[in-house]
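There are 2 protein chains.
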Amino acid sequence: MSGRLTIALDAMGGDHAPDMVVAGAALARERHPGVDYLMFGDEHRIGPLLARRPGLRDVTTIQHTPDAVSGDAKAAVALRGGRNTSMRRAIDAVAEGRAGVVVSAGNTGALMAMAKMVLKTLPGIDRPAIASFFPTQRGESVMLDLGANLECDADNLVQFAVMGSAFARTVLGLIEPTVGLLNVGSEDQKGHEAIREAAARLRTLTLPLRFHGFVEGNDIAAGKVDVIVTDGFTGNVALKTAEGTARLYSELLRRTFEASFLARLGYLLARPAFKKLKARTDPRRYNGAMFLGLRGICVKSHGGTDEIGFANAIGVAFDLATQGFNERIKEEMPRPGATTGSDIDAAAV
Amino acid sequence: MSGRLTIALDAMGGDHAPDMVVAGAALARERHPGVDYLMFGDEHRIGPLLARRPGLRDVTTIQHTPDAVSGDAKAAVALRGGRNTSMRRAIDAVAEGRAGVVVSAGNTGALMAMAKMVLKTLPGIDRPAIASFFPTQRGESVMLDLGANLECDADNLVQFAVMGSAFARTVLGLIEPTVGLLNVGSEDQKGHEAIREAAARLRTLTLPLRFHGFVEGNDIAAGKVDVIVTDGFTGNVALKTAEGTARLYSELLRRTFEASFLARLGYLLARPAFKKLKARTDPRRYNGAMFLGLRGICVKSHGGTDEIGFANAIGVAFDLATQGFNERIKEEMPRPGATTGSDIDAAAV
Chain A
12 MSGRLTIALD AMGGDHAPDM VVAGAALARE RHPGVDYLMF GDEHRIGPLL ARRPGLRDVT
72 TIQHTPDAVS GDAKAAVALR GGRNTSMRRA IDAVAEGRAG VVVSAGNTGA LMAMAKMVLK
132 TLPGIDRPAI ASFFPTQRGE SVMLDLGANL ECDADNLVQF AVMGSAFART VLGLIEPTVG
192 LLNVGSEDQK GHEAIREAAA RLRTLTLPLR FHGFVEGNDI AAGKVDVIVT DGFTGNVALK
252 TAEGTARLYS ELLRRTFEAS FLARLGYLLA RPAFKKLKAR TDPRRYNGAM FLGLRGICVK
312 SHGGTDEIGF ANAIGVAFDL ATQGFNERIK EEMPRPGATT GSDIDAAAV
Chain B
12 MSGRLTIALD AMGGDHAPDM VVAGAALARE RHPGVDYLMF GDEHRIGPLL ARRPGLRDVT
72 TIQHTPDAVS GDAKAAVALR GGRNTSMRRA IDAVAEGRAG VVVSAGNTGA LMAMAKMVLK
132 TLPGIDRPAI ASFFPTQRGE SVMLDLGANL ECDADNLVQF AVMGSAFART VLGLIEPTVG
192 LLNVGSEDQK GHEAIREAAA RLRTLTLPLR FHGFVEGNDI AAGKVDVIVT DGFTGNVALK
252 TAEGTARLYS ELLRRTFEAS FLARLGYLLA RPAFKKLKAR TDPRRYNGAM FLGLRGICVK
312 SHGGTDEIGF ANAIGVAFDL ATQGFNERIK EEMPRPGATT GSDIDAAAV
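Those protein sequences? They're chains A and B, same order as listed. Each residue of the first sequence is one higher than the last, beginning at 12 in my numbering. Each residue of the second sequence is one higher than the last, beginning at 12 in my numbering.
So here's chain A without its partners, still in its complex pose:
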C-alpha cells in the first residue's frame, strides 16, 4: 500500500444508513486523518450530509448508485440483479484497485456472495471465512468461521487457522497467536472426522502459529487461545449464544440494581467503575466482521450499529489494509506438496 489509503463505503447499507455511515466516517477521520473515502449510494441523500462536514467532504468522493440491496434480499437475487447497487459498486472499487478495502453494514449474505464473486479467493484458499473478535478474561480473541460456510472439511479448517492467525497478528498485534479447534471435548478422539483430521494436520504442518489442540465452548470467553477455528454453523451459533448470554447478564444486573433503594444507592457509588466495565464490553468496540481469504479486504459492520460502531469497523478495515494482512496470508499459506511439484515440472518442461 503506497501513499494514501482509500476506503470504499457502502453508504446505503445498515438500518440507519446513510446518516450513520457518514457520521461514522467523520468519526473515523479523526483517528485516521490520512484516509480518502469513496462513498457509494444516493448522492441526493449523501450530499447534504457531507455538506455539513466539510473536513470529511474534502477527502470524500460520492459515486452515485441508483439501487441498494435491501436487508432481507436473498443473496442469489442480490447477486443477479444487484450490479448497480451501492454494495456491489463499493466492492467493484476494491477489485478495480480504486480502493484498498470496502466497509458495508448491509445484508451479510449478499455482501459475502458479491465479495466472493467479484474479488475471488486468494491462492491456496478454497473458501473465504467470516471472522470477528470479542472480549475474553485474558483480553481479546478471534473466532472464524462465523457463517460463510455451514459445513467445512479439514482443508477449510486448516486454511481458517492460518487466516485467523494472520488476523490476530495484524489486528490484535500478537507475535505468535495460539490457535484452538472448537470441539465437544479436549481429547484427541472427540468430534467429527473433519476436525480430527484438521487437528492432525495442524500438529504436523510448519505454520506461523502455535496449535493448542481442541478447545470447548467455555474456553472461548476464558481466552484459552487467541484464535478459535470452527465451521460457520457452529461459529455463528457460538457467537450469538455468547451475545445473548451477555445481554441476559446485563439485564439481570440492571434488575438487581433496581431491586431496592440500597441497591440503587450502591450502583451510584460504583457507577464510575461500571462505566469502565461497560466501555470494555461495549459491542460497538467489537463491531466489524471481516471476510478473510479474498483478493481484497471486505469488512462487514453490524446492520444495527451507530456511528461509533461504524467508525470502529472502519478502524479494523484500516488496520487490515495498512498492515498487509492479505500479503501475510499469501506468504504463509502452506502449499500442497503436489502443486509445488507440478509447478517445478511445468517450469522444467
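Because the hints were derived from the structure by calculation, they are not lab data. Check the hints yourself; a few may be wrong.
All copies of an identical chain are treated as equivalent in the list; a pair is satisfied when it fits inside any one copy or across any two copies.
The calculated lysine-lysine pairs, modelled on BS3-like cross-linking and capped at a C-alpha distance of 27 Å, are [as the list claims (entries may be wrong)]:
#1 131 - 85
#2 289 - 235
#3 127 - 341
#4 85 - 127
#5 201 - 131
#6 235 - 201
#7 235 - 287
#8 341 - 131
#9 201 - 85
#10 289 - 85
#11 287 - 341
#12 85 - 235
Let chain A serve as the given structure and place chain B on it in line with the hints.
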C-alpha cells in the same frame, strides 16, 4: 409409579464421591421424604457416611460394588469391562425394575454408553439425547441434544422436539411448550438440509407442542422458546459457550466492584440484591442433564458439583419419575404410518 419411588445412586461417581453423593441424598430426603435409595459403591466408604445420617440410612440399601468407572475412562472400555462398577449396577437396577430412576455424577460418555446398552431406547426413538435446562430472560428453557449425537438427521431432531416438549411439561410445568430449531438465521431457506427437513415436518405433524420455527444463538438466553432442539455438537458448544460467557461476566463484575473504595462500598449496599441474583443463576440450581429417550430414566449430575447440586439432580430425577415422563413420550411420539399398518395386518393374520 405405585407406592414409594426408589432412586438408584452411583455413589462412586463425581469428583467428591462418595461423600457428596451421601450428603446430597440427605438433603434431597428433606424435600422428598417418600423416596428410598439404592446406593451402589464401596460399602466400606458409604457405610460410615450413612451411619452419621440415621434418617437417610433407614431408607437406604447399600449394594456393594468392587469397581468404579474412572473420570477419564473411554466409554468403550467402561462398557466392556465395567460390569461390576457402581455406575453399571445402578443402571441395571433401573433395567430390572428395582429402581425408578438412576442418578450419577460420573463419566458422561461411559454413563451414556452403558445406559443406552442396558436400558435401550423407547419405541419410536432412534437415539437418546442429553437435555438440560438453564435460566433465560423469561424464566427457564430446555435444550437438547447436548452431546449424545454429534450428527443428527431430521428424524432425530423431530424426536428430540417431542422429548424436549414432554420434558418441559414434566419438569418445568408448562402446558404447551414452544419449540425452536437452532439455526444460523430465522428464514426458511437457512441451514443444513436436516434442519430444514425437520422444520418442514414439525410444521405439518400433529404434536403436543407449538413449533416456533428457527431460532438463533442469541434467542437461547432471551428465552424466545421453551425448548431448543439441535444436534449434539452444536448444543454442547452452545451450552458451554453460555457457561463461559456467564463466568466472564461474573469475573468482570467482581473486578468492577474491587476497582475502587466507592465501588466496594456500593457492593456492600447492593449485596442483598446480589445474593438473589446469585441464587437465580447458581449453576447448582441447573445441575442435572437428563438422558431422554431410554426405557428408564437416567440423570447425569455435573462431576464437580457439591451436595446442593447433587440434591437438585435427585430432585429432577424425582420429577421425571413421578410425573410419568416416559409414559408421555410413548403416547406422544408420532408413529410412522407404515408401522401402524403392519401391526394391524399382523393382528388380522
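Here is how each hint holds up against the structure:
{"no.": "1", "hint": "131 - 85", "verdict": "within (20 Å within a copy, 45 Å between copies)"}
{"no.": "2", "hint": "289 - 235", "verdict": "both (23 Å within a copy, 25 Å between copies)"}
{"no.": "3", "hint": "127 - 341", "verdict": "within (17 Å within a copy, 49 Å between copies)"}
{"no.": "4", "hint": "85 - 127", "verdict": "within (15 Å within a copy, 43 Å between copies)"}
{"no.": "5", "hint": "201 - 131", "verdict": "between (34 Å within a copy, 23 Å between copies)"}
{"no.": "6", "hint": "235 - 201", "verdict": "within (18 Å within a copy, 31 Å between copies)"}
{"no.": "7", "hint": "235 - 287", "verdict": "within (23 Å within a copy, 30 Å between copies)"}
{"no.": "8", "hint": "341 - 131", "verdict": "within (14 Å within a copy, 53 Å between copies)"}
{"no.": "9", "hint": "201 - 85", "verdict": "between (36 Å within a copy, 11 Å between copies)"}
{"no.": "10", "hint": "289 - 85", "verdict": "neither (35 Å within a copy, 44 Å between copies)"}
{"no.": "11", "hint": "287 - 341", "verdict": "neither (39 Å within a copy, 54 Å between copies)"}
{"no.": "12", "hint": "85 - 235", "verdict": "between (37 Å within a copy, 25 Å between copies)"}
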